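Asks: Chain by chain, the residues run as shown.
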Amino acid sequence: MLSKRKLLYLCFLAGSLLSQSVFAQNTTEESAPLLKLSPEICITSADEKTCDIEVTLEWGQLTNKTICIISDYKDLKKWCSTSPDIHALTVNISADRDIQFVMIDKDTHETIAGVKLKVTPASPPQVRRRYRNPWSLF
Amino acid sequence: MPYLLALLMAASLFSTASFASIPTSCDNNTDCIEVGRWDIGIALGYGNKTNPLKDYEDIPLYAVPTLAYYGDSWFFDNGNIGYTLTEGENYTVNLITTFSNDSAFFHRWDPSNIFLLNADGSHGAVAPLASPMTTRNTPDPKSIGELENRNFTYLGGVETFIYTRFGIVHATVAHDILDVHGGMESRLKWLYNIPLDRWNFEFAAVLDWKSEEVVDYYYGVRASESLYWNQAYQAESALNKSIEFTGQYVLTENWNLLFVARYTDIADEIANSPLLDKDYTSTYFVSAAYRF
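Note that the protein sequences, when read in sequence, are chains A and B. Under this note's numbering, the residues of the first sequence are numbered 87 to 224, in order. Under this note's numbering, the residues of the second sequence are numbered 2 to 293, in order.
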């Protein structure tokens, strides 16, 4: 049977491990994303189905890496920075569906991060049945 | 009245399945309207509505407005107020207020005559012409004196729509809610739309039943009007039969050409009234319609 002292110690140990794990998780969640997209959502108008927008990709933390951006957007299959000092890329987009951007290490081709531009159609106005002919002459 | 209450109770049972469903499609047979937005329009043109009342003038039509607002459940549509109890893909059940179109023959400013102006500009669009009907103290016992008022009233009741591939069936049962005549009206309508490119044609056939109280109030003869006819004509419930046609041609997003025609065969029980000299009423209207 465990003595009261040992029990207290085990409780303390378990508690401290738990708090460390929670702390570590928070730290990871709160850290800035490696690749940031701005804006992340484009809403198409009811009349035009395509989204025409200028988006900016930023990767501020990777100061010592030269990276490439690859995407499923037809005009940006692959773009590579020429220097580790470049930390942003601005692209004009004209799309009717979501676009996925992936950042890879230029030298090792290791995938570093990814972001998605969401293309969302504007919600159509809510309609319901009309029960009278507008010109029924009563 | 007990029939109406029974119908309302039956309808309220449906309402437990709360109205939330939007029609799955606004197909060719179903006109749709945007929720929360006024639909305002006016049709300018020329038409005529014949008045079956003896010695009363026909009603010319120059401008007809349309005004509607639909919320999630409530709606206002050209003077009708309604509440949708339940709706599915193939049916709708509404509580509604509506109005009788009989008083329109007697009153210039009846809702059925709104914006329907007199051809000669006088305010007597439906006023009787000088006639035996307007002459008091005539020695002819069969002559009818000046008519007493036949007032407008609102009806309240239940309507049901059934949407089928063969058109829409619309059934209404409504009772006088302002206690003007205490009567009841019922209507069964079938309508069918045929869209053809920029054209849309709507055909409808209507059965209009009016209770004895309604017929007696509007077409019965009061003792003050003629003692003879007060006894000689006894009102009974009646069934009018109508056919309607609405043709629209889309010119632009806002402008339509509009062709409307209606013919009503007035039931014998009403046509036998000495106040009438026709057993039918017809309406036509040709116009350009603008929706704001």
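Keep in mind the hints are simulated off the structure, nothing from the lab. Since the model is a prediction, treat every value here as computed from it, not as a measurement. The C-beta atom is built at its ideal place from N, Cα and C for all residues, glycine as well. Check the hints yourself; a few may be wrong.
Distance condition first, Cα-Cα at most 25 Å in a straight line; then the derived SDA-like pairs of lysine to any residue [as the list claims (entries may be wrong)]:
hint: 1; chain 1: B; residue 1: 279; chain 2: B; residue 2: 33
hint: 2; chain 1: A; residue 1: 204; chain 2: A; residue 2: 158
hint: 3; chain 1: A; residue 1: 135; chain 2: B; residue 2: 143
hint: 4; chain 1: A; residue 1: 135; chain 2: B; residue 2: 253
hint: 5; chain 1: B; residue 1: 190; chain 2: A; residue 2: 213
hint: 6; chain 1: B; residue 1: 190; chain 2: A; residue 2: 222
hint: 7; chain 1: A; residue 1: 202; chain 2: A; residue 2: 222
hint: 8; chain 1: A; residue 1: 135; chain 2: B; residue 2: 49
hint: 9; chain 1: B; residue 1: 242; chain 2: A; residue 2: 160
hint: 10; chain 1: A; residue 1: 135; chain 2: B; residue 2: 58
hint: 11; chain 1: A; residue 1: 135; chain 2: B; residue 2: 255
hint: 12; chain 1: B; residue 1: 279; chain 2: B; residue 2: 255
hint: 13; chain 1: A; residue 1: 202; chain 2: A; residue 2: 174
hint: 14; chain 1: B; residue 1: 190; chain 2: B; residue 2: 225
hint: 15; chain 1: B; residue 1: 190; chain 2: A; residue 2: 218
hint: 16; chain 1: A; residue 1: 135; chain 2: A; residue 2: 124
hint: 17; chain 1: A; residue 1: 160; chain 2: A; residue 2: 198
hint: 18; chain 1: B; residue 1: 143; chain 2: B; residue 2: 225
hint: 19; chain 1: B; residue 1: 242; chain 2: A; residue 2: 204
hint: 20; chain 1: B; residue 1: 242; chain 2: A; residue 2: 151
hint: 21; chain 1: B; residue 1: 190; chain 2: B; residue 2: 253
hint: 22; chain 1: B; residue 1: 279; chain 2: B; residue 2: 293
hint: 23; chain 1: B; residue 1: 190; chain 2: A; residue 2: 158
hint: 24; chain 1: A; residue 1: 135; chain 2: B; residue 2: 254
hint: 25; chain 1: B; residue 1: 242; chain 2: A; residue 2: 138
hint: 26; chain 1: A; residue 1: 164; chain 2: A; residue 2: 131
hint: 27; chain 1: B; residue 1: 190; chain 2: A; residue 2: 160
hint: 28; chain 1: B; residue 1: 279; chain 2: B; residue 2: 35
hint: 29; chain 1: A; residue 1: 204; chain 2: A; residue 2: 171
hint: 30; chain 1: B; residue 1: 242; chain 2: B; residue 2: 272
hint: 31; chain 1: B; residue 1: 190; chain 2: A; residue 2: 192
hint: 32; chain 1: A; residue 1: 135; chain 2: B; residue 2: 168
hint: 33; chain 1: B; residue 1: 242; chain 2: B; residue 2: 281
hint: 34; chain 1: B; residue 1: 279; chain 2: A; residue 2: 222
hint: 35; chain 1: A; residue 1: 151; chain 2: A; residue 2: 135
hint: 36; chain 1: A; residue 1: 192; chain 2: A; residue 2: 222
Looking from chain A toward chain B, a few residues come up when the C-beta cut is under 8 Å (computed) [said to hold, decoys possible]:
hint: 37; residue: 166
hint: 38; residue: 204
hint: 39; residue: 205
hint: 40; residue: 206
Asks: Confirm or reject each hint.
Replies: The hints, checked one at a time:
Between the alpha carbons of residue 279 of chain B and residue 33 of chain B the distance comes to roughly 37 Å, so the proposed pair goes past 25 Å and is violated. As the CA atoms of residue 204 of chain A and residue 158 of chain A are separated by approximately 13 Å, the hinted pair is consistent with the 25 Å bound. Distance hint between residue 135 of chain A and residue 143 of chain B is unfulfilled; the C-alpha atoms sit about 74 Å from each other, more than 25 Å. Annotation: proposed proximity of residue 135 of chain A to residue 253 of chain B holds, straight-line Cα distance about 22 Å (limit 25 Å).
Of the supplied pair hints, the one linking residue 190 of chain B and residue 213 of chain A holds, its CA atoms being roughly 24 Å apart against a limit of 25 Å. Annotation: proposed proximity of residue 190 of chain B to residue 222 of chain A holds, straight-line Cα distance about 13 Å (limit 25 Å). This hinted pair does not check out: residue 202 of chain A and residue 222 of chain A have alpha carbons roughly 52 Å apart, beyond 25 Å. Annotation: proposed proximity of residue 135 of chain A to residue 49 of chain B is violated, straight-line Cα distance about 46 Å (limit 25 Å).
Between residue 242 of chain B and residue 160 of chain A the CA atoms are separated by roughly 65 Å; this puts the pair beyond 25 Å, and the hint is violated. Of the supplied pair hints, the one linking residue 135 of chain A and residue 58 of chain B is violated, its CA atoms being roughly 56 Å apart against a limit of 25 Å. Distance hint between residue 135 of chain A and residue 255 of chain B is fulfilled; the C-alpha atoms sit about 23 Å from each other, no more than 25 Å. Distance check on the hinted pair: residue 279 of chain B and residue 255 of chain B sit about 39 Å apart at the alpha-carbon level, beyond 25 Å; violated.
Distance hint between residue 202 of chain A and residue 174 of chain A is fulfilled; the C-alpha atoms sit about 16 Å from each other, no more than 25 Å. The suggested pairing of residue 190 of chain B with residue 225 of chain B is violated, with an alpha-carbon distance near 37 Å, which exceeds 25 Å. Proposed proximity of residue 190 of chain B and residue 218 of chain A is supported: the alpha carbons are some 12 Å apart, at most 25 Å. Our distance criterion of 25 Å between C-alpha atoms is met by residue 135 of chain A and residue 124 of chain A, whose separation comes to about 21 Å.
With a C-alpha separation of about 22 Å, the suggested pairing of residue 160 of chain A with residue 198 of chain A holds against the 25 Å cut-off. About 13 Å separates the Cα atoms of residue 143 of chain B and residue 225 of chain B, which keeps this hinted pair within 25 Å; it holds. Proposed proximity of residue 242 of chain B and residue 204 of chain A is contradicted: the alpha carbons are some 58 Å apart, above 25 Å. Distance check on the hinted pair: residue 242 of chain B and residue 151 of chain A sit about 85 Å apart at the alpha-carbon level, beyond 25 Å; violated.
With a CA separation close to 30 Å, the supplied pair residue 190 of chain B and residue 253 of chain B exceeds the 25 Å bound. A hinted pair counts as satisfied when its Cα atoms are at most 25 Å apart, and residue 279 of chain B with residue 293 of chain B does not qualify at roughly 39 Å. Distance check on the hinted pair: residue 190 of chain B and residue 158 of chain A sit about 56 Å apart at the alpha-carbon level, beyond 25 Å; violated. Our distance criterion of 25 Å between C-alpha atoms is met by residue 135 of chain A and residue 254 of chain B, whose separation comes to about 20 Å.
Proposed proximity of residue 242 of chain B and residue 138 of chain A is contradicted: the alpha carbons are some 58 Å apart, above 25 Å. Restraint check for residue 164 of chain A and residue 131 of chain A: not satisfied, since their Cα atoms lie roughly 29 Å apart, outside the 25 Å limit. With a C-alpha separation of about 56 Å, the suggested pairing of residue 190 of chain B with residue 160 of chain A is violated against the 25 Å cut-off. Proposed proximity of residue 279 of chain B and residue 35 of chain B is contradicted: the alpha carbons are some 42 Å apart, above 25 Å.
The suggested pairing of residue 204 of chain A with residue 171 of chain A is violated, with an alpha-carbon distance near 28 Å, which exceeds 25 Å. Straight-line distance between C-alpha atoms of residue 242 of chain B and residue 272 of chain B comes to about 13 Å, which keeps the hinted pair within the 25 Å bound. This hinted pair does not check out: residue 190 of chain B and residue 192 of chain A have alpha carbons roughly 73 Å apart, beyond 25 Å. Distance check on the hinted pair: residue 135 of chain A and residue 168 of chain B sit about 34 Å apart at the alpha-carbon level, beyond 25 Å; violated.
A hinted pair counts as satisfied when its Cα atoms are at most 25 Å apart, and residue 242 of chain B with residue 281 of chain B qualifies at roughly 9 Å. Of the supplied pair hints, the one linking residue 279 of chain B and residue 222 of chain A holds, its CA atoms being roughly 22 Å apart against a limit of 25 Å. With a CA separation close to 38 Å, the supplied pair residue 151 of chain A and residue 135 of chain A exceeds the 25 Å bound. For the hint pairing residue 192 of chain A with residue 222 of chain A, the CA-to-CA distance comes to about 70 Å; that exceeds 25 Å, so the pair is violated.
Interface restraint check for residue 166 of chain A: the shortest CB-CB distance to chain B comes to about 49 Å, outside 8 Å, so the restraint is violated. Because the beta carbon of residue 204 of chain A sits about 25 Å from the nearest beta carbon in chain B, more than 8 Å, this interface hint is broken. The beta carbon of residue 205 of chain A comes no nearer than 25 Å to any beta carbon in chain B, farther than 8 Å, and the hint placing it at the interface is violated. Checking residue 206 of chain A against chain B by beta carbon gives a least distance of about 20 Å; that is not within 8 Å, so the hint is violated.
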